[in-house]
Amino acid sequence: MTSLNTFGAILTYAIELEARLAAYYQGSSRAADAEKRRGKLERSRRENVLEITLEAIDGLDAANYAMNLDDRSEAGQRAVEQVAARFYADVAPKINVREAQRLLEKCGKEHSALAG
Amino acid sequence: MAKRLKNYIGGEWVESRASVYTPVINPATCETLGECPDSTREDVDMAVRAAQEAFPEWRATPVMNRAQYMYRLKTLLEDRFEDLSEMVVKENGKTRDEARGEVRRGIESVDFAVSVPVLMRNDGLEDLASGIDEDTVRQPAGVFAAITPFNFPAMVPLWFLPTAITCGNTFILKPSPQTPISMDILFEIMEDLDLPEGVVNLVQGGKEASMAIMEHPGVRGVSFVGSTPVAKLVYETCTRNGKRVQAQGGAKNYIAVLPDADMTASVKNIMGAAYGCAGQRCLAAAVVVGVGDAYDKMRDELVKQASALRVGYGLEETTQMGTVISAAAKERIERMIAQGVQEGAQVALDGRSASVNGFEQGNFVGPTILENVTPDNIVAREEIFGPVLSLMKADSFEEAVEIINSSRYGNAASIFTNNGKYAREFKYSVNAGNIGINIGVAAPSASFPFGGQKESFFGDLHGQGMDSIDFYTEKKIVIERWI
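Protein sequences, first through last, are from chains A and B.
Taking the working numbering, the leading residue of the first sequence gets 3, the next gets one more, and so forth.
Taking the working numbering, the leading residue of the second sequence gets 53, the next gets one more, and so forth.
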């Protein structure tokens, strides 16, 4: 059980999530999209960390965002995207730097669209 | 094998002449990360001579070209951002977020230095008298040095170095011997800038190297950040030796919480101010003064949130508070807590027995809250530099301001309130160099001077912002008439 209790823990989890999705979708355009999101999230983790307003974050647990990445069926892909969309919807309001929050919201929207 | 650090002088990595090397210890794992030379006067002299030799050519390098080096430095720092942050965690003990935040603020100073071509411009006046014009030009002043602390091993050196060299000066950096490796990495990064040899120099070491810098006739000015007794010594030594000096000392930062403040949100921010970097920053919140009804609510919320903080090894992303710098620091902090209790404080939350699984030897002190603290208690008077928050009560806003202004320090003070009148009165009447309104860490960004008053600062011109341009340049007035 991993608590997503810091700015870095959330961004790092999002970066790893996109890396896993890139591998999951290997060979399709969705893999490139996941890679692109991963790059943006890495930049956000680097650029949007605001030392003077770092605050503890509570109420988020990585265990709630488990994905079945063995199921590559259409339904499986939809389920994966739903989890990703839910993750971004949950974490974005917890971040107190607007630029990072906006990126997380955007990632969430993209996953929502893929979830159908 | 632990790395034996070298100095970087005249564009080369050179072995120090030191006979003593100090181990650089990871304060969480107690692993030896490196060995820091206790550089000698000869080492410093070699660095000063290299910087002096480089100065004429560097000052003649067009300022736009000097600024280009800063663009490149920014790119290189972004590329090595995670490496540098990780080393800050390893040698200092803070969390990853704190280390990333520190490196980001360091890069902001590089961003600021890019604006030097604009900021070095000055003013003039035609026809001051008939046919006579007067102009001011800013010129670089020579060799500058910085002696920097362990608590922000990447950020504080970057407050000084980028602006100093972009103004056309040459530079010597002496980092803390407790955290010297971050700057070893920075200089490794800067090698790829291909700056002329001698423009930037790194001398690792302790007191002997610091004294040599302060007493060397070839050094024009010194920037220092550290404790108040040492800042005072640096100021006195440098001025006695005819140097410019900006010496930033210790602090005892107060926060006033008014009854109308949003208590949950305010306390969340105060947590970061008190326990961020394990309380080892000169802007750390040390004393919170609850005004009237605010006290009880604030106290309960502080204890609740502080108890929930996850203390651990900074390299783990989920760690919310890391270690203090050394076993000696841990011992000193715990001794001050005990003395505070002896003098009448009561322990609302005790971090003295903190232990972290897998890191039992680490220098952990958990979040600590002391209440019923009176102004004469040691924990209200002296800088603890650890994760210890003292709570005091005031009957009125005016009493809170009186308590805050009675401190011999004046680095920062904050107020949490939704009342504009009190917020305005606070910033107007509190004697501190950095004021926070609903923000616990009142840290100025790179384009503003880092304030500090009373025994928190010795000198005239602060680091950062326009003060740094004034510090690193000479103003020359040209009075011109053509006959």
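If you are wondering where the hints come from, they were derived from the structure by calculation, not from laboratory data.
Every residue, glycine too, gets a C-beta built ideally from N, C-alpha and C.
Treat the hints loosely; a few may be bogus.
Quick list of simulated restraints, FRET-style, between CB atoms [said to hold, decoys possible]:
{"hint": "1", "chain 1": "A", "residue 1": "75", "chain 2": "B", "residue 2": "316", "range": "42 to 50 Å"}
{"hint": "2", "chain 1": "B", "residue 1": "413", "chain 2": "A", "residue 2": "38", "range": "39 to 47 Å"}
{"hint": "3", "chain 1": "B", "residue 1": "505", "chain 2": "A", "residue 2": "31", "range": "53 to 61 Å"}
{"hint": "4", "chain 1": "A", "residue 1": "37", "chain 2": "B", "residue 2": "454", "range": "55 to 63 Å"}
{"hint": "5", "chain 1": "A", "residue 1": "29", "chain 2": "B", "residue 2": "359", "range": "46 to 54 Å"}
Worksheet item: Which hint numbers doesn't this structure obey?
Response: Going through the list in order, the structure violates no hint and respects every one.
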